Amino acid sequence: MALLYKKLRLVFSSVCIGLLFCSAGAQAAFPDRTLTIVVPFSPGGGHDFTARLMAAKLTDVLGQQVVVLNKPGANGMIGTHFVAQSAPDGYTMTMSSPAETVISPMLYHDMSYDPAKDLSPVTLVGVTPIALIAHPSFPPSSVPELVDYVKAHPGTVSYGTPGVGSAHHLAVDWIARSTGIKMLDVPYKGAAPATADVLADQIPLASVGMAPVTPHWKAGKVKVLAIMNNKRLPWLPDVPVASETKGAEAVDVYQWMGVFVPSGTPPEAIKVLNEAYAKILHDPEVKKTMIDRGVDPVGNTVEAFKQYLNEESSKYSKLVKDSGVKINK
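Those letters in the sequence shown? Residues -28 to -1, 1 to 301, by mature numbering (1 follows the signal peptide of the UniProt record, and there is no 0).
The hints are simulated quantities; they were obtained by calculation from the structure and are not laboratory data. Treat the numbers as computed from the prediction; the structure is a model and nothing was measured. Among the clues, some could well be false.
To be verified - Computed cross-link-like contacts, BS3-like style, restricted to lysine-lysine with a CA-CA straight-line distance of at most 27 Å:
#1 K259 <-> K190
#2 K218 <-> K29
#3 K43 <-> K161
#4 K154 <-> K251
#5 K43 <-> K218
#6 K154 <-> K89
Unchecked claim - Pairwise CB distance ranges (calculated):
#7 A88 <-> P126: 39 to 45 Å
#8 L156 <-> K278: 33 to 39 Å
#9 G127 <-> A88: 38 to 44 Å
#10 E283 <-> Q37: 31 to 37 Å
Ideal Cβ placement from N, Cα and C applies to all residues, glycine included.
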């Protein structure tokens, strides 16, 4: 009998060891199939450009195909809801902005997801200036000139944004409140369609990320009146900042691209993704490509990104309150 028990213990131990190796192998295998980056905005914008660049590089680094899926609408909330409700396995992620992850909970009372509870941060991919652009035929070429023009033509100037309550909208609202002017906000389903209407001279102004407009600006097809930073950028030394305008000295708002996965995603998968993004974003060739398109690459740790989100939440809480923007939903 003792011999039988000894044999059974040996078999049981072998099975346990085998299971441990299988479990470890399963974890180490991530990813073993196609991954998806959901962009909650229309194709052609800064988030779309960045996501497609990351997808191509991630495919090489991870050894699995990474595809981009655009799901625009509701100021980024449709695509973000899709990701929040996806399986928490690391295979579906979103390339998000402040609008649908930080600002929307301050504006909407019946959101279909809670960013703080339903999404897990992976990394901050990059930041891009918010640019106030104009068609070349629009008379003002700077924010001070715009202020004078709007005061001389009250009620006639409108501007496009990627959505009500977006960072782009709040930035222009901040300038308007600070300088005593009023303009009409026209919300779009992303930066790309707003930019397209400026190019077509359908709307005189738009507040959009610098990334999608950089090629048009370099080609002389649009004017950049200012970016919304509080100091000029080394790689855009000749572009004025809104804070150089009298009364708007405190204005400092910018757009960012952050990666999130559904809450409950295994830490191991998040670690793999974070390290992959960091490797890509610290590659000199990738950094040059992004900067040439107006995006400053970051690639920080999960904890650093969480701290950054806390700081953004504090900033936008004040901006939303001061703006008086209310959405009855």
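We went through each hint and held it up to the structure:
At most 27 Å may separate the alpha-carbon atoms for a hinted pair to count; K259 and K190 meet this at roughly 19 Å. In summary, the hint linking K218 to K29 is not supported, as the alpha carbons are separated by about 44 Å, beyond the 27 Å threshold. Of the pairs offered as hints, the one joining K43 and K161 holds, with about 10 Å between alpha carbons and a cut-off of 27 Å not exceeded. As the CA atoms of K154 and K251 are separated by approximately 45 Å, the hinted pair breaks the 27 Å bound.
Proximity of K43 to K218 is assessed by CA-CA distance (about 39 Å); at most 27 Å being required, the pair is judged violated. Taken as a hint, the K154 and K89 pair is broken in the structure, with Cα atoms around 37 Å apart against an allowance of 27 Å. At about 41 Å, the beta-carbon gap between A88 and P126 stays in the expected band of 39 to 45 Å. A C-beta distance of roughly 37 Å is found between L156 and K278, which places it inside the suggested range of 33 to 39 Å.
Taken as a hint, the range 38 to 44 Å holds for the pair G127 and A88, whose Cβ atoms sit roughly 40 Å apart. Roughly 35 Å separates the CB atoms of E283 and Q37, a value that falls within the hinted 31 to 37 Å.
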